[in-house]
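K.L.:
With the first letter of the first sequence counted as 1, position 321 gets the number 961 in my numbering; the numbers rise by one all the way through.
Think of the hints as simulated: they come from the structure by calculation, not from any bench.
Note that the coordinates shown come from a computational prediction; the quantities given were computed from them, not determined experimentally.
Treat the hints with caution; some may be incorrect.
Calculated pairs, DSBU-like style, for lysine-lysine (alpha carbon to alpha carbon, straight line, at most 35 angstroms) [claimed, not checked]:
no., residue 1, residue 2
1, Lys1035, Lys1022
2, Lys972, Lys1153
3, Lys1153, Lys981
4, Lys794, Lys776
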Amino acid sequence: MQAISRFGKAGVRLPVAGRWGLSYNSRIMKAATPIDRLKEHVGQTVTLEGWVYNSRPSGKLAFITLRDGTGLCQCVLEKKPETDGFFDAVARLGQESSLILTGLVAEEPRSVGGYELRVSGAEVVHPASDYPITPKPHGIEFLMKQRHLWFRSKRQWHVLRIRATVVDAIRRFLNDNGYVLIDTPIFAPAAGEGAQTLFEVDYFGEPVYLAQTGQLYVEAACMAHGKVYCFGPTFRAEKSKTRRHLTEFWMVEPEIAYASLDDVIDVAEDFTCAIVERVLNDHRDELIELGRDVAELEAIKKPFYRLTYTEAADILHGPRAKELLEKDLVEKSVRIEALSKEIEECEAVAKQEGVKQWKKDKAAADAIAKREERADLEEQVKNIPHHMELAAHFKWGSDLGGSDETIISRLHDRPVFVTHYPRGVKAFYMREDRKDPRLSENFDLLAPQGFGEIIGGSAREEDYDRLVNRIKEENLPQADYEWYLDLRRYGTVPHGGFGLGVERTLCWLCGLKHIREAIPFPRMMGKFYP
RNA sequence: UGCGGGGUAGCUCAAUAAGGUCGAGCGCCUGCCUGUUACGCAGGAGGAUGUGGGUUCGAGUCCCACCCCCGUAGCCA
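With the hints as extra help, turn the sequences into a complete structure.
P.N.:
What follows is the structure, encoded as structure tokens:
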């Protein structure tokens, strides 16, 4: 068979409906078979459209691992009369060259995914060379600059697919439970919460700000529709460069009329469980490949733990926190010892005579990775006394710090709601606890294993006078909030809601070390390319 | 912003506690290889060591300043 050309003069694909024994019976948009459906085509000749993920040519036989967006497939190309026309051109293609291959599908345990394509026809769409991301280790700075290419790599590919599922699970849950989608503005006239962390934009000569929450607007909408949510990007100009921060991130914010704090917490609990369940159901294999301990996610079931802020403070002051950190200190020290030994072993292999060069390199690379892990642990060990200090001297009235949250979440095997924070550290719109006016009726949800806060929510202050007082206490310009106060003037009801950070949730579900991998094009302090 | 680590080939890293013409693998180019899967073998091209100044006969290595990156703390989803 000759190389197939299905492209017109202008590079537009010509229709070739029904040519390859396709199983679709609806209108055929793509003539090619997706790799993830090859199992339905064993023994048939099919066409694959994709990119060279890896290729191992050897004289008259070439193995090309093709990537098509749905999966990977090893394509075997033998040099024989019918492949002679394109063998050389295809066998020598560089990584990420785009090409269309036709061939017989066969089961093959030695191949990735269990199937392979015995190639009989090929068309090179674009021969690429010098693709920057090779199947070798790369540094994070380099990869972030290549972000537009990086997410063709397996790990990134898995994460972004899981992200898509998380987003879908969020929408499904809310849509199926009677929530109405309300899109809130990105340009906001003033602060939603803290004023220090807003991006200012010149709006026809007037300053406006990129929204850091849709919450106030969604409160208005919930008085119209009962149960609503907004879902979109939000912006925080915090000057923080940590593995938990983005300047642009996605947040979903449900808001419910006629709801108490407990009602809202119940929803947050069901919501979180639904997302976890869906991801486990759809992506178990990917999670495992990402190195996630799936059993930990399977344990995420109702009921979550519910602690008040005051109880959390007691835990920090108590023996359990101290024991946890002391145990940590011992375990990490032991691990550091073990790593030191492993590093020596790797270095010995790297210097050994008669060992294959690539094995030496691998040993050297392992040694580097282990050194990094050791340095990381050493830093953590160094910080433990400080964290113990912080926990032991935690002062009622201040906000929980990152290390405090980690201690609380690690002392529990399921997510933990921390409720009823002191009013002073929380936003003006949160409802005052009628039993103890020092407290607000709010909650944070801490993900397990120290992955941090993924949800923040509250009952909203429905009482006009109390709300006005809070606005005054915070020195906010009341005129800007008149529309918001109207919601308390005309048929105010108890209501509440919460916001869930998509990227933080994804970090937790996938076990990501850094939030930058949880979003296609991360925006961080000082970073906006590509 | 504070503290810690780092910037050497397109990429990942070497260059020995004690200054002396910067080296390897991958990638790229040439040739060989029919069951590879980090394929293998032989050969080749490819470097103002982040920037500026200083010490020295001589600096990737020592000193000073600046820039950038990574980690960590605060704030937060």
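K.L.:
Hints first: check each against the structure and report whether it holds.
P.N.:
Outcome of the hint check:
| no. | hint | result |
| --- | --- | --- |
| 1 | Lys1035 - Lys1022 | holds (23 angstroms) |
| 2 | Lys972 - Lys1153 | holds (18 angstroms) |
| 3 | Lys1153 - Lys981 | holds (25 angstroms) |
| 4 | Lys794 - Lys776 | holds (13 angstroms) |
Taken one by one, the earlier hints all hold for this structure without exception.
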